[in-house]
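Colleague: If you want the building blocks of each chain, they are given just below.
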Amino acid sequence: MTAVREQAGGDATAVGPLFEAEGLGRSYRLPRTSPFGPPGVRHAVHDVTLRLADGAALGIVGESGSGKSTLVRLLLGLDRPDAGTVRYRGRPVVPGRPRALRWFRREVQVVFQDPAGSLDPRMTVGAAVAEPLACLGVPGDHRERVDEVLRAVDLDPDVRGRYPHEFSGGQRQRIAIARALAPRPRVLVGDEPVSALDVAVRAQILDLLGQLAQRHRLGLVLVSHDVGVVARLCDQIAVMRDGTLVEQGATDAVLSRPAHPYTQALLAAVPRLPPP
Amino acid sequence: MTGSARALARGVWGSRSGRLGAVLSGLVVVAAAVSLVWTPYDPTRVDPAASWAPVGTAHWFGADRLGRDLFSQVLVGARTTLVVAVAATAIAAVVGVGLALLATLPPRLVAEGVAHLVDVLLAFPVLLLAMVLAAVYGGSRWTAIVAIGVGAGIGLGRVTRGEARRVLGADYVLAARAAGAGTGRIVRRHVLANIAPTVWVQLSLILGLSVLTEAALSYLGFGTAAPTPSWGRMLSELQPYLTLRPLTLLWPGLAVVLTVLGFNLLGDGLREAGDPRLRERPAEREGRT
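Heads up: the protein sequence lines correspond to chains A and B, in order.
Going left to right, the first sequence walks through residues 0 to 275 as numbering that gives the first Met the number 0 numbers them.
Going left to right, the second sequence walks through residues 0 to 288 as numbering that gives the first Met the number 0 numbers them.
Keep in mind the hints are simulated off the structure, nothing from the lab.
In this text, all values refer to a predicted model and were calculated from it rather than measured experimentally.
Note that CB positions come from ideal geometry on N, CA and C, so glycine has one too.
There could be a bad hint or two in this list.
Simulated DEER-style distance windows between Cβ atoms [unchecked claim]:
1) Arg165(B) - Glu143(A): 46 to 56 Å
2) Ala122(B) - Arg150(A): 52 to 62 Å
3) Val269(A) - Arg107(B): 21 to 31 Å
4) Glu21(A) - Ala89(B): 49 to 59 Å
Counterexamples of contact, computed for chain A against chain B with all Cβ distances above 10 Å [said to hold, decoys possible]:
5) Leu17
6) Ser33
7) Arg41
8) Gly83
9) Arg96
10) Arg105
11) Gln108
12) Phe111
13) Gly116
14) Pro131
15) Cys134
16) Arg178
17) Val226
18) Ala252
19) Leu254
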């Protein structure tokens, strides 16, 4: 009896992907072009279906304006889709009261593009990193955990009492990553996490994300306009254009044999240095 | 909390404008406090023998036509001014920040309605509001406080709404929501903290403005009632003798000017001290290990 139940319980987590989106759509109303005409509609995201297995890394590439940021908001339950559902561990993720999504937010955290904007200028580093711990009611010593994650992103825990403006862009992004790691998530979503950084720092932050993902067996959803960034960390890749996914598959396969003309164009646009 | 208040005070004292503002505002507070326990004369005592007494040891600022001591009147006037200014500013802070939040947080239709209502109310002059209140409830210190507070609060709400909207649209609010923060926490920890510099500066201007408005209302006879000394009423009572005894008008006039200046400078100092980005930062330290 017990064995059967255990097996069933085990199956529930093993069967099906950890994090999935099905037929996801979100459109925005545009201002009317004529006084009596119908309001225009822009489909920012249209019929997007994604799956992320436990511990896997999925990259979403597309140029700016392709609906990547809207997709991130939908995946995180920060915006309500017009169509489709987001599921995590088989449970639907529906935006609503913050308490109702605690279970989800404890396991899925996010790093935004611009660390200058994603850290409150009037909040100390310590308070910012502790914010998810306080909001999600994570048990344990928060102060200790803050020190731990600051160390995990190669920052001195003594920076706790300082303010974001005292740090460089790369350091700020480390702080933002520390904040995301604080509640011990299973999945880290990165919305263009390195686009605002200069090239040298970009590589450091990407390496850090890769190491952290490996060490903590984190699932990654990495959104970027830069194929190189995504290829570096992700085993699966999805190409997005005008709100829809045009191609999806294993990174190697997609990069070596791009099927869709848009993917081919995207790859052709990657600047390459001639071999020395 | 007391630690951060102490740091704030130290910051205010550290800036030049903050220090001057603190000294001038402190002078008003001291004058008001002293008037509670001691004045050279009863400010309302009529003494025909002292009519137009000159500036001297007997009457430091001289005396008016009825022989009332001007120094005593200025001292007690500081108290009236301070009570009205502080109470009106407190009301303005609550009304203003409340309106700003009401015009940003609720669903779009409600918020825009509140915002438009604020725009309409803004067109209503504070002095007129005070006169209407005075006509209905009788002129007193309290009608002046309510009128100035509500009137200035509407203006504050208008200015603060833009700030609040900017903050709510910031990435760090989105990040806070992704971290599980509810609206209450976002308002307390992020919105209020980030609109604070604007609100402080506005409140310091309102503090100065309410000193002026109180003086104007008393001058017009709608403010502080007759026997209680007030700078505005002193000015209106002394005005007929402007060409004969110009020096007597100098004292209440100077008191108003220095008080307004002091409050405004104090606000500048508070803004600088309250914003970590404007605070003088310690030499750049390396954060990485």
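Colleague: Next step is simple, just say for each hint if it's right about the structure.
Modeller: Each hint, compared with the structure:
1. Checking the proposed 46 to 56 Å range against arginine 165(B) and glutamate 143(A) shows it is violated: the Cβ atoms sit about 35 Å from each other.
2. Between alanine 122(B) and arginine 150(A) the C-beta distance comes to about 58 Å, which sits within the given range of 52 to 62 Å.
3. Look at valine 269(A) against arginine 107(B): about 42 Å separates their beta carbons, and that is not inside 21 to 31 Å.
4. The supplied range of 49 to 59 Å is met by glutamate 21(A) and alanine 89(B), whose beta-carbon atoms lie about 54 Å from each other.
5. With a least CB separation of 18 Å from chain B, leucine 17(A) remains clear of the 10 Å interface cut-off, as annotated.
6. For serine 33(A), the requirement that its beta carbon stay farther than 10 Å from each beta carbon of chain B is met, with the minimum near 23 Å.
7. Every CB of chain B lies more than 10 Å from the CB of arginine 41(A), the least distance being 18 Å, so the non-interface label holds.
8. Consistency note on glycine 83(A): stated as away from chain B, and its beta-carbon is indeed over 10 Å from all of that chain's, at 20 Å minimum.
9. Not every CB of chain B lies more than 10 Å from the CB of arginine 96(A), the least distance being 7 Å, so the non-interface label is violated.
10. With a least CB separation of 8 Å from chain B, arginine 105(A) falls inside the 10 Å interface cut-off, contrary to its annotation.
11. The Cβ of glutamine 108(A) does not lie farther than 10 Å from every Cβ of chain B; its closest approach is about 7 Å, which violates its non-interface assignment.
12. Chain B draws phenylalanine 111(A) into its interface by the beta-carbon criterion, the shortest separation being 5 Å against a cut-off of 10 Å.
13. The beta carbon of glycine 116(A) sits about 4 Å from the closest Cβ of chain B, which is not more than 10 Å, so the claim that it is off the interface is violated.
14. At roughly 4 Å from the closest C-beta of chain B, the C-beta of proline 131(A) falls inside 10 Å, breaking its exclusion from the interface.
15. Its beta-carbon lying about 4 Å from the closest one in chain B, cysteine 134(A) breaks the requirement of being farther than 10 Å from that chain.
16. Here arginine 178(A) does not stay apart from chain B, with its beta-carbon only about 7 Å from theirs, under the 10 Å limit.
17. With a least CB separation of 24 Å from chain B, valine 226(A) remains clear of the 10 Å interface cut-off, as annotated.
18. Distance to chain B confirms alanine 252(A) as a non-interface residue, since its nearest Cβ pair spans about 32 Å, more than 10 Å.
19. At roughly 30 Å from the closest C-beta of chain B, the C-beta of leucine 254(A) stays outside 10 Å, upholding its exclusion from the interface.
In the structure shown, a violation is registered for the earlier hints numbered 1, 3, 9, 10, 11, 12, 13, 14, 15, 16, in ascending order.
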